[in-house]
Amino acid sequence: MRASWRRGLIGTAAFTALLELLPRTGLVDPGYLPTASTIAGALAGELSREAFWSALLDTVRGWATGLGVAIVTGVAVGVVVGVVPGLRALTASTVEFLRPIPSVALIPLAVLMFGTSMESTLMLIVYASFWQVLVQVLDGVRDIDPVTHETARSYGFGVFTRIRVVVWPTALPHVMTGMRLAATVALVLAITGELVIGSPGLGRQIALAQSAGAVETMYGLVVVAGLFGVVVNLSIRAAERRALRWHVSVRRENAV
Amino acid sequence: MTLTPVLAVDHVKKVYTTGTRHVEAVRDLHFDVARGELVCVVGPSGAGKTTLLRCIAGLMDVTAGEVRLEGSAISGPPRGMAVVFQEYGRSLFPWMTVRGNVELPLKEKKVPRARRTVLVDEALATVGLDHVHDSYPWQLSGGMQQRVAIARAVAYEPHILLMDEPFAAVDAQTRADLEDLIRELWARLRVTVLFVTHDIDEAVYLGERVLVLSNSPTVVLEDVRIDLPGERDQLGTRALPRFAELRAHVYGLVQQAKRGVRAVPADASPAGQTLQYERKPS
Amino acid sequence: MRFIRSIAIVTILPAGLVTAWWFVSLGSDNFFWPPLRDILGTVPSTWLEGRLQADVGPSLLRLAVGYLLALLIGVPTGLAIGLSTPLRQYCEPVFEFLRSIPPPVLVPVIILFAGIGDTMKVVVIAFGCVWPILLNSVEGARAIDEVLHDTTRIYRLSPVSRFRHLLLRGASPHIVTGARQALSIAVILVVISEMFAASNGLGFTIVQFQRSFAIPQMWSGILLLGAIGVTLAFVFRLVENRVLAWYFGLRRKQ
Numbered sequence: 001m002r003a004s005w006r007r008g009l010i011g012t013a014a015f016t017a018l019l020e021l022l023p024r025t026g027l028v029d030p031g032y033l034p035t036a037s038t039i040a041g042a043l044a045g046e047l048s049r050e051a052f053w054s055a056l057l058d059t060v061r062g063w064a065t066g067l068g069v070a071i072v073t074g075v076a077v078g079v080v081v082g083v084v085p086g087l088r089a090l091t092a093s094t095v096e097f098l099r100p101i102p103s104v105a106l107i108p109l110a111v112l113m114f115g116t117s118m119e120s121t122l123m124l125i126v127y128a129s130f131w132q133v134l135v136q137v138l139d140g141v142r143d144i145d146p147v148t149h150e151t152a153r154s155y156g157f158g159v160f161t162r163i164r165v166v167v168w169p170t171a172l173p174h175v176m177t178g179m180r181l182a183a184t185v186a187l188v189l190a191i192t193g194e195l196v197i198g199s200p201g202l203g204r205q206i207a208l209a210q211s212a213g214a215v216e217t218m219y220g221l222v223v224v225a226g227l228f229g230v231v232v233n234l235s236i237r238a239a240e241r242r243a244l245r246w247h248v249s250v251r252r253e254n255a256v
Numbered sequence: 001m002t003l004t005p006v007l008a009v010d011h012v013k014k015v016y017t018t019g020t021r022h023v024e025a026v027r028d029l030h031f032d033v034a035r036g037e038l039v040c041v042v043g044p045s046g047a048g049k050t051t052l053l054r055c056i057a058g059l060m061d062v063t064a065g066e067v068r069l070e071g072s073a074i075s076g077p078p079r080g081m082a083v084v085f086q087e088y089g090r091s092l093f094p095w096m097t098v099r100g101n102v103e104l105p106l107k108e109k110k111v112p113r114a115r116r117t118v119l120v121d122e123a124l125a126t127v128g129l130d131h132v133h134d135s136y137p138w139q140l141s142g143g144m145q146q147r148v149a150i151a152r153a154v155a156y157e158p159h160i161l162l163m164d165e166p167f168a169a170v171d172a173q174t175r176a177d178l179e180d181l182i183r184e185l186w187a188r189l190r191v192t193v194l195f196v197t198h199d200i201d202e203a204v205y206l207g208e209r210v211l212v213l214s215n216s217p218t219v220v221l222e223d224v225r226i227d228l229p230g231e232r233d234q235l236g237t238r239a240l241p242r243f244a245e246l247r248a249h250v251y252g253l254v255q256q257a258k259r260g261v262r263a264v265p266a267d268a269s270p271a272g273q274t275l276q277y278e279r280k281p282s
Numbered sequence: 001m002r003f004i005r006s007i008a009i010v011t012i013l014p015a016g017l018v019t020a021w022w023f024v025s026l027g028s029d030n031f032f033w034p035p036l037r038d039i040l041g042t043v044p045s046t047w048l049e050g051r052l053q054a055d056v057g058p059s060l061l062r063l064a065v066g067y068l069l070a071l072l073i074g075v076p077t078g079l080a081i082g083l084s085t086p087l088r089q090y091c092e093p094v095f096e097f098l099r100s101i102p103p104p105v106l107v108p109v110i111i112l113f114a115g116i117g118d119t120m121k122v123v124v125i126a127f128g129c130v131w132p133i134l135l136n137s138v139e140g141a142r143a144i145d146e147v148l149h150d151t152t153r154i155y156r157l158s159p160v161s162r163f164r165h166l167l168l169r170g171a172s173p174h175i176v177t178g179a180r181q182a183l184s185i186a187v188i189l190v191v192i193s194e195m196f197a198a199s200n201g202l203g204f205t206i207v208q209f210q211r212s213f214a215i216p217q218m219w220s221g222i223l224l225l226g227a228i229g230v231t232l233a234f235v236f237r238l239v240e241n242r243v244l245a246w247y248f249g250l251r252r253k254q
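Chains as they are written, first to last, in UniProt numbering: chain A, 1 to 256; chain B, 1 to 282; chain C, 1 to 254.
Since the hints were made in silico from the structure, they are not lab data.
Check each hint, because a few of them may be wrong.
As the list claims (entries may be wrong) - To be clear about the criterion: a stretch of chain C counts as covered by chain A if any three or more of its residues have a C-beta under 8 Å from a C-beta of chain A, and this derived list gives those stretches:
#1 6-15
#2 84-98
#3 114-122
#4 182-188
#5 191-205
#6 221-227
As the list claims (entries may be wrong) - Some chain B residues flagged as far from chain C (calculated, every beta-carbon gap over 10 Å):
#7 20
#8 64
#9 66
#10 75
#11 83
#12 171
#13 261
C-beta atoms are modelled at their ideal positions from N, C-alpha and C, and glycine is treated no differently.
With these hints in hand, go ahead and build the complete structure from the sequences.
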């Protein structure tokens with residue numbers, strides 16, 4: 001464990017040094033890739049600007065809202081479709097067809113409907129993340145042991161009790177996977193929307209920095225976007241571990 | 001035993017080092033296997049059987065001493081050696097058919113196509129799997145999968161065949177069939193076999209010699225010659241009084257090994273003929 | 001009878017939805033939601049008279065080149081890193097960071113280096129797609145059974161054979177997962193890199209329609225893009241079923 005931390009630090013340091021040296025030695029034009037220290041300086045400058053913080057807040061808000069809506073609707077639709085007999089078969093082809101439609105296809109539509117406001121980006125986020133959650137929930141509901149289901153039924157449990165004691169615990173690991181995938185996709189679409197549509201957020205700041213020729217600032221903001229992604233990934237994985245402590249796959253992982 | 005042995009394990013020692021900790025797994029193993037012999041290695045669990053086998057196979061470096069195959073010291077898996085692992089399900093490539101699995105090592109050896117076909121056909125026929133060439137390993141039962149692994153080893157035409165508890169994970173009936181298959185292959189192909197097992201009955205039934213290992217750090221406790229008739233069968237051989245004697249003797253040795261005994265006085269082992277090894281000048 | 005039933009189950013909802021769209025939108029005079037009849041009516045004049053070659057072709061080509069480049073780089077690199085624990089530990093935090101960068105922000109970055117031509121789009125796609133492929137390849141190499149490694153050593157497989165017969169095949173379930181994630185990223189990136197800066201391509205054209213308020217044409221572009229996404233997913237599924245036939249069989253057996 002210690003060795004892996006040490007190596008990780010060394011690797012990170014080497015990567016940073018490389019970013020510093022490439023432009024410094026002239027191997028890469030510093031106008032295209034500023035040195036790591038310049039980027040850090042520009043980033044520090046950003047941190048003291050109010051516009052940066054409000055952009056970051058906008059991105060977080062758009063991401064969280066879109067993700068929340070996608071999770072709630074995805075879980076609700078998934079449970080209903082999975083539990084009501086026959087509904088899964090009926091909807092399967094439609095899901096298979098709608099899911100691969102690239103969310104970016106909706107960009108022009110979103111612009112027409114909502115202009116450059118945050119709703120445009122929200123629409124993309126919700127559309128893209130919804131499918132991630134839905135598909136996982138459907139998988140999860142399918143995983144339910146028929147014997148368990150029959151047992152619950154023979155005890156005369158009502159629909160809601162059955163969902164609570166049988167469906168939900170079995171589907172939970174899949175729901176968590178869906179959330180993890182959806183969280184990443186939602187971030188990609190949040191930044192995409194801001195970048196292309198111009199709704200407020202980090203993505204728009206990046207586009208603005210680019211068109212203003214503020215290369216260091218642009219890189220600084222890209223780093224922020226990446227760190228945001230890292231935080232999202234790590235925290236959702238931690239949450240997954242917490243929520244599924246009782247589950248075999250996690251227990252096995254912890255035992256090793 | 002005066003001829004150059006196929007396999008010479010010459011005072012092999014193995015110490016595992018993790019960080020600052022040293023664990024001596026094998027202290028001093030010293031034995032030969034002559035051409036065409038079938039030698040079983042038996043010992044209590046934790047006797048370093050797997051370590052020994054991995055050292056001989058060249059999958060692991062020895063700390064001291066050396067392993068020689070046909071006179072030359074090995075470093076890394078040598079030419080002319082095949083291994084059948086215990087984990088049959090994990091040693092076959094699940095993305096290749098049975099035929100593909102048996103054929104792959106031959107392709108690698110650059111055996112011409114026509115000869116390859118003959119070898120694969122023969123090997124699969126020998127282990128009784130004529131009919132499943134195009135199946136995938138996971139479509140077969142455990143015993144059949146282990147037959148595929150044996151066929152792959154046989155088709156490779158090795159000078160020595162190492163087997164690492166190959167039947168530990170199959171059911172009793174299959175196990176008896178596979179034991180007879182090994183005896184039959186050995187008798188027919190005159191291949192040299194080193195067979196590692198934790199099962200005393202199996203060791204005595206299969207072997208011409210049985211090496212009993214001590215507890216770790218391992219030494220050879222005794223080299224027992226199995227003077228049973230060459231033709232063996234599950235019912236008759238196992239019913240022989242001599243089989244019972246040898247079995248009891250090996251059993252006693254393994255019990256001693258479990259208690260930590262590392263050397264057996266020659267007169268304390270009346271049932272087996274003990275072969276004493278002297279250090280041979282190499 | 002059962003066959004007819006299963007066909008009916010598969011088609012009834014999509015057919016119902018399309019029919020509903022058709023009839024509900026028929027009398028629509030909402031500027032943004034034209035009747036489906038009008039949208040489909042514009043398809044021949046919009047796409048079939050040259051745009052298929054002039055715009056759809058370049059988009060697909062960029063997508064294919066960028067995606068293949070990502071596979072060619074990501075798979076071998078990932079497998080090599082997956083084989084060496086220290087190497088993986090050195091790279092892990094940096095990769096974790098690089099993969100977390102939302103790929104679309106690469107567009108303005110790579111424009112700096114490569115201008116706004118085809119190179120930029122291909123590099124953007126390759127750079128965005130390489131991470132899921134690479135990281136899944138790392139996991140795939142790690143997941144290969146120790147005994148299989150031993151087996152290839154015992155039978156003295158050459159490095160090339162080990163790569164082909166052991167690493168590539170053994171890691172393929174993971175690689176396919178990464179490749180699937182990468183495919184949807186590739187579609188996103190080709191479209192937005194064209195929306196951002198281009199003179200042709202599907203993304204460029206759709207945005208042009210939107211800006212000039214050619215609404216039925218824009219809708220037809222959205223539908224076309226959807227159809228491309230669906231087709232790519234379908235082709236991917238076909239390839240997957242072929243490449244991973246052994247894996248699905250093995251899984252069913254367990």
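Inset, instruction - Could you check that no beta carbon of chain C comes within 10 Å of the beta carbon of residue 83(B)? - result: violated, 5 Å
Legend entry - Whether residue 261(B) stays farther than 10 Å from all C-beta atoms of chain C, as the label says: Residue 261(B) is indeed farther than 10 Å from all Cβ atoms of chain C, at 32 Å.
Inset, instruction - Grab the minimum beta-carbon distance between residue 20(B) and chain C and tell me whether it stays above 10 Å. - result: holds, 19 Å
Inset, instruction - Closer than 8 Å, Cβ to Cβ, for at least three residues: run that test on the region 191-205 of chain C against chain A and report holds or violated. - result: Our answer is that it holds, as 5 residues pass the Cβ test (under 8 Å) against chain A, meeting three.
Legend entry - Status of residue 75(B), Cβ more than 10 Å from any chain C Cβ: At roughly 12 Å from the nearest Cβ of chain C, residue 75(B) sits farther out than 10 Å, so the non-interface label holds.
Legend entry - chain C versus residue 171(B) - minimum CB to CB distance exceeding 10 Å, so not interface: holds, 18 Å
Legend entry - Proximity test - 8 Å, beta-carbon atoms, the region 221-227 of chain C to chain A, at least three hits: holds (count 4)
Legend entry - Coverage of the region 84-98 of chain C by chain A (three or more Cβ within 8 Å): That given contact holds, which follows from 10 residues of the region 84-98 of chain C lying within Cβ reach (below 8 Å) of chain A.
Inset, instruction - Mind taking a look at whether chain A covers the region 114-122 of chain C? Criterion is 3 or more residues with CB to CB distance under 8 Å. - result: Check failed, 0 qualifying residues.
Legend entry - Coverage assertion for the region 6-15 of chain C with respect to chain A, Cβ distance below 8 Å, three residues required: holds (count 6)
Legend entry - Verdict on residue 64(B) as a residue remote from chain C, using beta-carbon distances over 10 Å: holds, 23 Å
Legend entry - Minimum Cβ-Cβ distance from residue 66(B) to chain C exceeds 10 Å: Correct as stated: the minimum Cβ-Cβ distance to chain C is 19 Å, above 10 Å.
Checked against the numbered hints given earlier, this structure breaks hints 3 and 11; the rest are met.
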